[in-house]
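K.L.:
Respectively, the protein sequence lines represent chains A and B. The opening residue of the first sequence carries number 1 in the numbering used here; numbering runs sequentially from there. The opening residue of the second sequence carries number 1 in the numbering used here; numbering runs sequentially from there.
No lab work stands behind these hints, which were simulated from the structure alone. Warning: the hint list may mix true and false statements.
With a straight-line cut-off of 30 Å between C-alpha atoms, the simulated DSS-like cross-links for lysine-lysine are [unchecked claim]:
| # | chain 1 | residue 1 | chain 2 | residue 2 |
| --- | --- | --- | --- | --- |
| 1 | B | K73 | A | K128 |
| 2 | B | K279 | B | K291 |
| 3 | A | K194 | B | K73 |
| 4 | B | K279 | A | K128 |
Values in this document were obtained by computation on a predicted structure and should not be read as measured data.
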Amino acid sequence: MGQTSKKQDWTATEQAFRRFLQWLDEGQDSSGERYLEMRQRLVRYFERKQCVAADDLADETLSRVVRRLEEEGTITDAPPARYCYTVAKFVFLEHLRVVHPEASGQDSDFDSAAIAADSHLPDQTAEKRLDCLDHCLQQLITVERDLILEYYRGEQGEKIQRRRELAERLALSTNALSIRACRIRDRLEGCVTKCAQS
Amino acid sequence: MTNVPDERLLTQYLLRALPEEETERLDELSIADDDFAARLSSAENDLVDAYVRGELPPEESARFRSAYLSSPKRRDKVKFAETFLSFQQRVAARPVVIRAVAAQPEKRESAWARLSGWFRGVRSGTSRASNAWFAPQWGLAGAALLLLVASGYLLNTNLRLRQQVSRSESALAALAQHEKDLQHQLATKTAGASANTEAHTPPSIDRLKVAAFVLVPSLRGSGAVPIVSWSAATDLVVLKLELESTGFSTYRVAIEDSATRQTAWQSGDLKPQSEGDKKVLSFAFRPSLLKSANYFVQLSGVRDDGTTELMSSYSFRGVVK
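Bound conformation, chain A alone (with noise of 0.2 Å):
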């Protein structure tokens, strides 16, 4: 990946790595936390430029970042979560050189021909993810296989309604149950994507 490799190779001493979680926290410790949500925002906001290394790619801005507070002692320019925006930007725009070197505008490094082939599912391999996402709903407990089950249940339509009833009886507002359904759902997700693979 040209100068994003060459950037790769430093390493991130433990000392460095806690103070960048410290910053990143902004004063709330939150057990690595934030780290894994900004690092999947990170990914989803590469995957979302189309790279295919989004992991890699994200995994280096955050090591960037890392390695700048250690060499200042501390990052103002921005606060956190901007500041590592900002350095993704910079990442994105290094790789799309790196990638399409001929036409920077580019912003995708994508084979399309490779979508297609995966789009379906076999219905060996549909069976066998049926199996695994019971068997991973089973490992929830009771009240969060229910508000998942209810949460994604039903035609687009009724949806907006039927959350905002669900959100009433659970006690939590909306914005609050959706976040709660995404961290199940994406959970639930990993579990059966683990299971299928194993």
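Guided by the hints, dock chain B onto chain A, whose structure is given.
P.N.:
Quick look at chain B alone, frame taken from chain A:
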């Protein structure tokens, strides 16, 4: 953040259909703004679900394939959504959904005759529950209702299986089998009820009017709230809960008014009972404690140290006839 973009804008953003300047603005928010990031994740899941369900307009569906399905992780999200949809369709076709509630006409019967079978292990720990004399009242009307609702679900399921035709066939087969099972149960219960009527002539003393109902967890049902009805002359309402998990040997239930969240009644310790391969929990209460309103039955498991853990929730609409 002061101005969270609407769902439509988020969808356009995810489909890479916005102008560059707007895209860049939302790129920044997607990383730097917690509220926006959460909304975006939620919108992304809904977009993937809508695609899998075939609910996107043709041009958006095409754009989804070309712009969204471009990463392996995203294709994994689509696979998960397909799996989840299939699972939901199967759940919708399962008998458990059909048994949302079985209402039973009230009958006069011997109170002693009510102290039978599945109700023996029930203990009432509070003064309100001290009159917990109850018995199953399931019969012809309930079973007939089940069959009717089953047919409705069958039709509904067929309509929703646009993308899962092959799977729908197996679901229909399962439903047909269940109908046969229900018919068999109906025949058995009818015969049993006739024999019982002939064998017992209840004494005029000790008579109670009992209304009995089955509830399954509210979030697994069809969305329609089951109705639990009673008249002013009803002595006891009996509820039987089907348990999803049996991790505890003792449970407690509380009936809450869904509007005020006030507890109208709570049980003492209750022991689950086996009913075929299922576990059920039964209890009874005086209907005068309730009014015509929506209620939740909150089911909690009792740990060894006496603390409780909320397990599930069953909703019903109470109707005083």
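K.L.:
Are the hints correct? Go through all of them and say.
P.N.:
We went through each hint and held it up to the structure:
{"no.": "1", "hint": "B:K73 to A:K128", "verdict": "19 Å, holds"}
{"no.": "2", "hint": "B:K279 to B:K291", "verdict": "29 Å, holds"}
{"no.": "3", "hint": "A:K194 to B:K73", "verdict": "13 Å, holds"}
{"no.": "4", "hint": "B:K279 to A:K128", "verdict": "28 Å, holds"}
Hint violations for this structure: none, all hints satisfied.
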